[in-house]
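J.: Turn these sequences into a full structure, and let the hints guide you.
Number of protein chains: 2
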Amino acid sequence: MSKTKFNVAVVGATGAVGEQIIGLLEKRDFPVDKLKLLSSARSAGTVLNFKGQEITVEEAGPDSFEGIDIALFSAGGDVSKELAPHAVRHGAVCIDNTNAFRMDPTAPLVVPEVNADQIDKHQGIIANPNCSTIQMVAALKPLYDSYGISRIIVSTYQAVSGAGAKAINEMLRQSKEVLEGRDANPDILPVGSLPVKHQIAFNAIPQIDKFQDNGYTLEEMKMVRETKKIFGDEDIAVTATCVRIPVIYGHSESVYVELKNDYELEEVKQLLAESPGITLVDDPAAQAYPLATDAAGKNDVFVGRVRRDLGNARGLNLWIVSDNLLKGAAWNAVQIAEIIAAKA
Amino acid sequence: MSKTKFNVAVVGATGAVGEQIIGLLEKRDFPVDKLKLLSSARSAGTVLNFKGQEITVEEAGPDSFEGIDIALFSAGGDVSKELAPHAVRHGAVCIDNTNAFRMDPTAPLVVPEVNADQIDKHQGIIANPNCSTIQMVAALKPLYDSYGISRIIVSTYQAVSGAGAKAINEMLRQSKEVLEGRDANPDILPVGSLPVKHQIAFNAIPQIDKFQDNGYTLEEMKMVRETKKIFGDEDIAVTATCVRIPVIYGHSESVYVELKNDYELEEVKQLLAESPGITLVDDPAAQAYPLATDAAGKNDVFVGRVRRDLGNARGLNLWIVSDNLLKGAAWNAVQIAEIIAAKA
Ligand SMILES: NC(=O)c1ccc[n+]([C@@H]2O[C@H](COP(=O)([O-])OP(=O)(O)OC[C@H]3O[C@@H](n4cnc5c(N)ncnc54)[C@H](OP(=O)(O)O)[C@@H]3O)[C@@H](O)[C@H]2O)c1
Ligand SMILES: NC(=O)c1ccc[n+]([C@@H]2O[C@H](COP(=O)([O-])OP(=O)(O)OC[C@H]3O[C@@H](n4cnc5c(N)ncnc54)[C@H](OP(=O)(O)O)[C@@H]3O)[C@@H](O)[C@H]2O)c1
Numbered sequence: 001m002s003k004t005k006f007n008v009a010v011v012g013a014t015g016a017v018g019e020q021i022i023g024l025l026e027k028r029d030f031p032v033d034k035l036k037l038l039s040s041a042r043s044a045g046t047v048l049n050f051k052g053q054e055i056t057v058e059e060a061g062p063d064s065f066e067g068i069d070i071a072l073f074s075a076g077g078d079v080s081k082e083l084a085p086h087a088v089r090h091g092a093v094c095i096d097n098t099n100a101f102r103m104d105p106t107a108p109l110v111v112p113e114v115n116a117d118q119i120d121k122h123q124g125i126i127a128n129p130n131c132s133t134i135q136m137v138a139a140l141k142p143l144y145d146s147y148g149i150s151r152i153i154v155s156t157y158q159a160v161s162g163a164g165a166k167a168i169n170e171m172l173r174q175s176k177e178v179l180e181g182r183d184a185n186p187d188i189l190p191v192g193s194l195p196v197k198h199q200i201a202f203n204a205i206p207q208i209d210k211f212q213d214n215g216y217t218l219e220e221m222k223m224v225r226e227t228k229k230i231f232g233d234e235d236i237a238v239t240a241t242c243v244r245i246p247v248i249y250g251h252s253e254s255v256y257v258e259l260k261n262d263y264e265l266e267e268v269k270q271l272l273a274e275s276p277g278i279t280l281v282d283d284p285a286a287q288a289y290p291l292a293t294d295a296a297g298k299n300d301v302f303v304g305r306v307r308r309d310l311g312n313a314r315g316l317n318l319w320i321v322s323d324n325l326l327k328g329a330a331w332n333a334v335q336i337a338e339i340i341a342a343k344a
Numbered sequence: 001m002s003k004t005k006f007n008v009a010v011v012g013a014t015g016a017v018g019e020q021i022i023g024l025l026e027k028r029d030f031p032v033d034k035l036k037l038l039s040s041a042r043s044a045g046t047v048l049n050f051k052g053q054e055i056t057v058e059e060a061g062p063d064s065f066e067g068i069d070i071a072l073f074s075a076g077g078d079v080s081k082e083l084a085p086h087a088v089r090h091g092a093v094c095i096d097n098t099n100a101f102r103m104d105p106t107a108p109l110v111v112p113e114v115n116a117d118q119i120d121k122h123q124g125i126i127a128n129p130n131c132s133t134i135q136m137v138a139a140l141k142p143l144y145d146s147y148g149i150s151r152i153i154v155s156t157y158q159a160v161s162g163a164g165a166k167a168i169n170e171m172l173r174q175s176k177e178v179l180e181g182r183d184a185n186p187d188i189l190p191v192g193s194l195p196v197k198h199q200i201a202f203n204a205i206p207q208i209d210k211f212q213d214n215g216y217t218l219e220e221m222k223m224v225r226e227t228k229k230i231f232g233d234e235d236i237a238v239t240a241t242c243v244r245i246p247v248i249y250g251h252s253e254s255v256y257v258e259l260k261n262d263y264e265l266e267e268v269k270q271l272l273a274e275s276p277g278i279t280l281v282d283d284p285a286a287q288a289y290p291l292a293t294d295a296a297g298k299n300d301v302f303v304g305r306v307r308r309d310l311g312n313a314r315g316l317n318l319w320i321v322s323d324n325l326l327k328g329a330a331w332n333a334v335q336i337a338e339i340i341a342a343k344a
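As given, the protein sequences belong to chains A and B, one line each in that order.
Counting along the first sequence from 1, when you hit position 92 you're at 92 in the UniProt record's numbering, and nothing is skipped either side.
Counting along the second sequence from 1, when you hit position 143 you're at 143 in the UniProt record's numbering, and nothing is skipped either side.
These aren't lab readings, by the way, just hints derived from the structure by calculation.
Note that the structure is predicted; figures quoted are calculated from it, not measured.
Treat each hint with caution, since some may be false.
Pairs involving identical chains hold if they fit within one copy or between any two copies, as the list cannot separate such chains.
Stated by the list, open to error - The calculated lysine-lysine pairs, modelled on DSS-like cross-linking and capped at a C-alpha distance of 30 Å, are:
{"hint": "1", "residue 1": "LYS197", "residue 2": "LYS269"}
{"hint": "2", "residue 1": "LYS228", "residue 2": "LYS81"}
{"hint": "3", "residue 1": "LYS298", "residue 2": "LYS176"}
{"hint": "4", "residue 1": "LYS81", "residue 2": "LYS5"}
{"hint": "5", "residue 1": "LYS269", "residue 2": "LYS34"}
{"hint": "6", "residue 1": "LYS36", "residue 2": "LYS210"}
{"hint": "7", "residue 1": "LYS228", "residue 2": "LYS260"}
{"hint": "8", "residue 1": "LYS210", "residue 2": "LYS166"}
{"hint": "9", "residue 1": "LYS210", "residue 2": "LYS269"}
{"hint": "10", "residue 1": "LYS176", "residue 2": "LYS166"}
{"hint": "11", "residue 1": "LYS27", "residue 2": "LYS197"}
{"hint": "12", "residue 1": "LYS298", "residue 2": "LYS5"}
{"hint": "13", "residue 1": "LYS3", "residue 2": "LYS176"}
{"hint": "14", "residue 1": "LYS176", "residue 2": "LYS197"}
{"hint": "15", "residue 1": "LYS27", "residue 2": "LYS3"}
{"hint": "16", "residue 1": "LYS228", "residue 2": "LYS34"}
T.: What follows is the structure, given as structure tokens:
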């Protein structure tokens, strides 16, 4: 592009992720020339603020991308599938937060801490992994490099904001209903487009996204497939159980890894502490470990409860927490945009 | 004893577990002759109802157990350590819900579905395992018998009622504070007797009970040690991550097991469905799986999300949910009492 300022489009600007993207572009002082904010017809006309400037949200369409250099998509997979090719046609680089292109062999699937080198290989579209995958692979990267990883067994504790702005409202409304002694009325979760709804307030729902034929949910299979693609290693065995819990912001993960080589626990902690984008919070004596409420609003991935498996010398348990809207979506996308901008 | 009716003492009668024990003795029509309700001096004098009869709670002391046949303890480990020997001295059989005697080699550690045969070996005290252990081993027993189990990797999603009546109130109070836009004031959790407190409302706290020198919490080590003792098998490798989440009643567990032999998935489901005390809830097409809100108030252990590890032919994932105050404490204890009564 050979530019110093960029015309940027945010598709899904009125959503939970879009709001964070706009905030980060401002906070990080991203070199924006013009900012175009796009949504569906529902929110078109909404006025949003960017660096003190009022910008009117427009309805996204095939011709929204004329003159756009970088388009950040977070408006659902169908919108990305339909509109990203048009953005590419207009010469934009698309950074897509949805599931639409993640397993597409022509689209790099990027977590900058892990595989920033893949960014250059894009053919117009760079995929942002699923939120629960991003924080896990970011935390595991230093261990992968130092010891190798043979298997991962992960159980997640995922925030409702991962299901969008409406799911946050539903969880807060239900919490109020239960506290007032009324019935909680489930309306959206676990999956908006499916018929059965379950109470999320004061509950734990072991379903995120639709079930696949093998009994896993799509969210679980995303963690399996995306982890292999990001590490470029089909041999890592991954199994996942993904669970929604009544937390607003911040996914937590209980991760068991088996390394290929022996390790020293103190060395593992030091590697984590020294890795960019990772904050080690691990002091049992002080009852210090990562918490969703502490991670909310921060870009880093927080790791703690680092301890040996007592049965397997190469087994290791970790507790990994990050803000799903930031590192899990908006921040990872803006990080990629910053790398692209720096090279342009 | 050669009796048909029994004098029963409930120590900790005013607590979360004690309340459920009294309720179950009534509901199950346990052959009670006299019921003695005991607490600390704080609640002595409280009047509780049992089968329409008013019973005044008395302060527990060394001489509270004269004439008592069966004493059910749930007043904390220190109280059990101090008073259970006095109850035994008076000829009572003690069923202890606390951690005091679980690893004592003279005390059987019993989950009736798994090792009811151990009950007869008691020398006055029978220990009830930790709530998170009970539901896990009850669900794994049919798999242990049919295939053998080599390892267990478990991550828990535990309800606040597991920390007693005060922790429930704290979580509800904090939820209200957050919903009203105020700060949540942590006062009890994660561990009442430790200095650092964390918000539990809309959060996930990876600490239940105190940290041990190996970096595991006592709750996690209970799951490791008790599982081996209950199965009578020191070779099962167990590793655990125990997490408190904002649920009122019902612990959920994401359990990964490695079996010693190959299995057919449908056979595993059938075994679970046919096992006493277990309800299989596993129909992905109908979005049916165990939920804490559904398990609350029920005695059974609910199992679902039964699926193959995609990387290991002998690996299996399960989602196990049960009411921690019932099967996890009161019901398991009353089950043991029923077996003792039937044999007396
Ligand atoms: N939340 C997360 O943690 C997370 C993490 C990673 C990836 N993602 C992905 O990001 C996407 C959005 O997530 P979210 O949480 O921000 O959802 P959200 O809060 O529901 O927001 C959805 C956004 O998409 C827009 N949109 C919907 N349909 C559209 C259409 N036909 N054309 C143009 N815009 C449309 C909405 O505009 P209106 O206001 O007009 O409806 C809104 O701006 C999803 O694909 C999700 O999988 C989310
Ligand atoms: N909650 C669970 O899921 C669960 C599961 C398995 C095992 N347990 C175990 O059961 C025990 C009680 O748990 P909980 O949840 O019922 O706690 P809780 O709600 O705090 O109740 C504690 C009970 O113990 C009594 N007590 C306290 N100190 C006493 C003393 N010095 N002498 C006599 N009674 C005393 C209390 O009486 P006052 O009213 O006078 O204070 C109250 O009845 C704990 O050891 C816990 O580890 C709990």
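J.: Hint by hint, note whether the structure agrees.
T.: Against the structure, the hints:
| no. | hint | verdict |
| --- | --- | --- |
| 1 | LYS197 with LYS269 | between (41 Å within a copy, 24 Å between copies) |
| 2 | LYS228 with LYS81 | within (23 Å within a copy, 52 Å between copies) |
| 3 | LYS298 with LYS176 | both (27 Å within a copy, 25 Å between copies) |
| 4 | LYS81 with LYS5 | within (27 Å within a copy, 72 Å between copies) |
| 5 | LYS269 with LYS34 | neither (43 Å within a copy, 58 Å between copies) |
| 6 | LYS36 with LYS210 | neither (32 Å within a copy, 52 Å between copies) |
| 7 | LYS228 with LYS260 | both (16 Å within a copy, 27 Å between copies) |
| 8 | LYS210 with LYS166 | within (18 Å within a copy, 38 Å between copies) |
| 9 | LYS210 with LYS269 | between (36 Å within a copy, 21 Å between copies) |
| 10 | LYS176 with LYS166 | both (16 Å within a copy, 20 Å between copies) |
| 11 | LYS27 with LYS197 | neither (38 Å within a copy, 32 Å between copies) |
| 12 | LYS298 with LYS5 | within (26 Å within a copy, 62 Å between copies) |
| 13 | LYS3 with LYS176 | neither (51 Å within a copy, 51 Å between copies) |
| 14 | LYS176 with LYS197 | both (18 Å within a copy, 24 Å between copies) |
| 15 | LYS27 with LYS3 | within (21 Å within a copy, 77 Å between copies) |
| 16 | LYS228 with LYS34 | neither (37 Å within a copy, 64 Å between copies) |
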